[in-house]
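Chemist: Taken in sequence, the protein lines are chains A and B. In case it helps, this note's numbering puts the first sequence at residues 1 to 115. In case it helps, this note's numbering puts the second sequence at residues 1 to 604.
Think of the hints as simulated: they come from the structure by calculation, not from any bench. All C-beta atoms in this analysis are idealised placements derived from N, C-alpha and C, irrespective of residue type, glycine included. Among the hints, erroneous ones may be present.
[As the list claims (entries may be wrong)] Derived list of chain B stretches under chain A, where covered just means 3 residues or more per stretch with a C-beta under 8 Å from a C-beta of chain A: (1) 12-23; (2) 56-66; (3) 149-159; (4) 239-249.
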Amino acid sequence: MSVFPYLVAAWVLLMGLFGVVRSRHLVHTVVCVSVTQSSTYVLLLAVGYQKKATAPIFGQADPPGSPVVDPVVQAMALTDIVVSATVSALLLALVIQVAKRHGTVVPDELHALRG
Amino acid sequence: MDGSASALPPLIVTAPIAGACVLLLLGRIAPRRLIDALALVTALATAILAGWLLAATGSGAVVTWAGGWHPGPRFAVGIVLVADRMGAAMVLLIAVLATTALLFGWRYFDTVRAHYPALLLLFTAGMAGYALTGDLFDMFVFFELMSVAAYALTGLEIEEPEAVQGGLNFAVVNSLGAYLCLFGIGLLYARTGQLGLPQLSLALSQRGPDALVFIAFGLIATGWLVKAAAVPFHFWLADAHAVAPTTVCVLFSGAMAPLGVYGVARVYWAVFDTVLPAAGVHRMMLVLAVCTALLGTVMCVLQRHIKRLLAYSTIAHIGLFLLGLAALTPEGVAASAVYLAGHAAVKGALFLMAGILLSRYRSLDEVRLYGRARQHRVVGAAFVLGGLMLSGIPLSGTGFGKSLLEESAHSVPLTVLVIAVSALTGAAVLRVGLRVFFGVGRPPEPAAEADETTGAHETPDADTPPGRIPVTMLAAVFALLSAGVLSGLPGRFGREVAAAAAQFCDRIGYRDRALSGAVPVQSAPDLTWTLHGTILGLVSAGAAVVLALLGIHHRNMLGDNNSRPAAVIAVRHGLHRLHSGHIGDYAAWLVFGCAAVIGLLWVG
Numbered sequence: 001m002s003v004f005p006y007l008v009a010a011w012v013l014l015m016g017l018f019g020v021v022r023s024r025h026l027v028h029t030v031v032c033v034s035v036t037q038s039s040t041y042v043l044l045l046a047v048g049y050q051k052k053a054t055a056p057i058f059g060q061a062d063p064p065g066s067p068v069v070d071p072v073v074q075a076m077a078l079t080d081i082v083v084s085a086t087v088s089a090l091l092l093a094l095v096i097q098v099a100k101r102h103g104t105v106v107p108d109e110l111h112a113l114r115g
Numbered sequence: 001m002d003g004s005a006s007a008l009p010p011l012i013v014t015a016p017i018a019g020a021c022v023l024l025l026l027g028r029i030a031p032r033r034l035i036d037a038l039a040l041v042t043a044l045a046t047a048i049l050a051g052w053l054l055a056a057t058g059s060g061a062v063v064t065w066a067g068g069w070h071p072g073p074r075f076a077v078g079i080v081l082v083a084d085r086m087g088a089a090m091v092l093l094i095a096v097l098a099t100t101a102l103l104f105g106w107r108y109f110d111t112v113r114a115h116y117p118a119l120l121l122l123f124t125a126g127m128a129g130y131a132l133t134g135d136l137f138d139m140f141v142f143f144e145l146m147s148v149a150a151y152a153l154t155g156l157e158i159e160e161p162e163a164v165q166g167g168l169n170f171a172v173v174n175s176l177g178a179y180l181c182l183f184g185i186g187l188l189y190a191r192t193g194q195l196g197l198p199q200l201s202l203a204l205s206q207r208g209p210d211a212l213v214f215i216a217f218g219l220i221a222t223g224w225l226v227k228a229a230a231v232p233f234h235f236w237l238a239d240a241h242a243v244a245p246t247t248v249c250v251l252f253s254g255a256m257a258p259l260g261v262y263g264v265a266r267v268y269w270a271v272f273d274t275v276l277p278a279a280g281v282h283r284m285m286l287v288l289a290v291c292t293a294l295l296g297t298v299m300c301v302l303q304r305h306i307k308r309l310l311a312y313s314t315i316a317h318i319g320l321f322l323l324g325l326a327a328l329t330p331e332g333v334a335a336s337a338v339y340l341a342g343h344a345a346v347k348g349a350l351f352l353m354a355g356i357l358l359s360r361y362r363s364l365d366e367v368r369l370y371g372r373a374r375q376h377r378v379v380g381a382a383f384v385l386g387g388l389m390l391s392g393i394p395l396s397g398t399g400f401g402k403s404l405l406e407e408s409a410h411s412v413p414l415t416v417l418v419i420a421v422s423a424l425t426g427a428a429v430l431r432v433g434l435r436v437f438f439g440v441g442r443p444p445e446p447a448a449e450a451d452e453t454t455g456a457h458e459t460p461d462a463d464t465p466p467g468r469i470p471v472t473m474l475a476a477v478f479a480l481l482s483a484g485v486l487s488g489l490p491g492r493f494g495r496e497v498a499a500a501a502a503q504f505c506d507r508i509g510y511r512d513r514a515l516s517g518a519v520p521v522q523s524a525p526d527l528t529w530t531l532h533g534t535i536l537g538l539v540s541a542g543a544a545v546v547l548a549l550l551g552i553h554h555r556n557m558l559g560d561n562n563s564r565p566a567a568v569i570a571v572r573h574g575l576h577r578l579h580s581g582h583i584g585d586y587a588a589w590l591v592f593g594c595a596a597v598i599g600l601l602w603v604g
């Protein structure tokens, strides 16, 4: 397995974090949080990948014992996606509410909580 | 162990979830009292189950393999719940706090439909699962379950500008922490092909530590430390506490943030203890602990918003819990555990009393509330008592934990730090209590700084009718305070915690109990009050009283800026500016903190 997918995962993670730090719009912030999470999908699938292996479903074409990719990381990625959907939905709902109550979605202009 | 006990851990996680589903179904049709009663009964049942589980762990950890999938030679799959004494005690603490919060909310919330109790139960289930699971990925999932419920609870009052901003800050910072943690879990799985804590311990101990292990532990620890609100991951905590409903703050401060510390300790002792060099872990925890304790204390003293003040005091105490862990001994863990239990009770009671103030006077500003709560003498006395207990007065749970912590640290500078943190955070609470409930000193007239949240005009969680404070509210406050006193009495509590801590730090034992059911024998440290600890407790309580009176009469802390040296003003201004409420700033500190954690582990 090459090291390339791991580098991609680390790059996506750092870009997502950088996006949150430099964000000028709260919706952009939420998307960057999702980007950060996407890095974990890349990482998990890269961990389970094997060359010349098929999906982990055994049948007539693939009898038990034939090479398959790791199903555990796929289950983890699926769980991760469910978590991501929940968190993104909640974050976007909060952003809508921020827009209504503060009249702005620019992080620099939110001053309700300080010190 | 018998079969009935092994059904307890999954039951404790599922019972609140089932209760929450029933509440949401009935929410639109059932009357409010029925909803509240159902929620209270569910929380109480969870607490009773947790007590039963704790009793069952006396003869060894209760281990449950989900669906009977026990890893064997043919396959390595299996998800495990491991309830050792410490985990079961943590769940009991969570369930008791949830019950108290719901009891207090009985006459506190007017308008909320079933969302609030249902979310609170989901939150409880997430925390209980996190404390009980023996699987790293499940820790992440339960972490997210409790986090999502917590974000929703923080932003419960969606009409409030502060509440939505606080909820958003909390959610973004904690989610980023969780993803860093998941990244670390993925790296560990890539190396070992295991997710269970006992299996991971076995797999990792077969080869030495390398870069991947350091980075994986650093990332996982970062995730849990974000929840624990260790500096520099602490920014979300004050924002979330300032805006969340008061009853929720009880769970945030008493259980959720300490669970982060628990998570770090659990992962370290169950998995990494045999692999990572102890010096690096000790250094990382010690640096974070000292920074967290110092910054939390300074920010606590500078606050005038009562809930923010209590929140920063929680951060300071999280630093002390980390200090206990940093010793990397069963004595240190036992000290942190005792302190954690005492702190949860005292801080919970203080938050509930802040809630009473909010519901009566529509303000949480120490300055505006000066002398206005004079008629509530009983609550005032309880508030002052809470402040004294926080400062570590003997015969309280916090005082007991503090004296154990001083003994486990074996170091004069650290002992001085512990006393200073206890005395100053206690003094800040005493200052508020004496001013608000007793009108001590002159009326303060400080100008609010631009970079400060004062809490002068807050919308209460409910319009409680004027007149006497409902008996359910008082009962919740006094139940927590008496728990704080009971956990400080010498006797059985200390012995039980000592045994639990010895079991907790026994890495080989955790693995064996989970995988083969063997119960190793371990010797427990002896925990009692010592003369030394009692004297130091009296010293710090006395110092807290003196500092509080100084703070009130000497016109400083909140006073005008003209009479003070420029350096003090600059530092204070800088600290307020640092806590900017800006998501980008918080995320930048998160990245810096993660790098610092890994660096401290690795260097040297």
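Chemist: What hints, given by number in increasing order, does this structure fail?
Modeler: Numbers 1, 2 - these are the hints that the structure violates, sorted from lowest upward.
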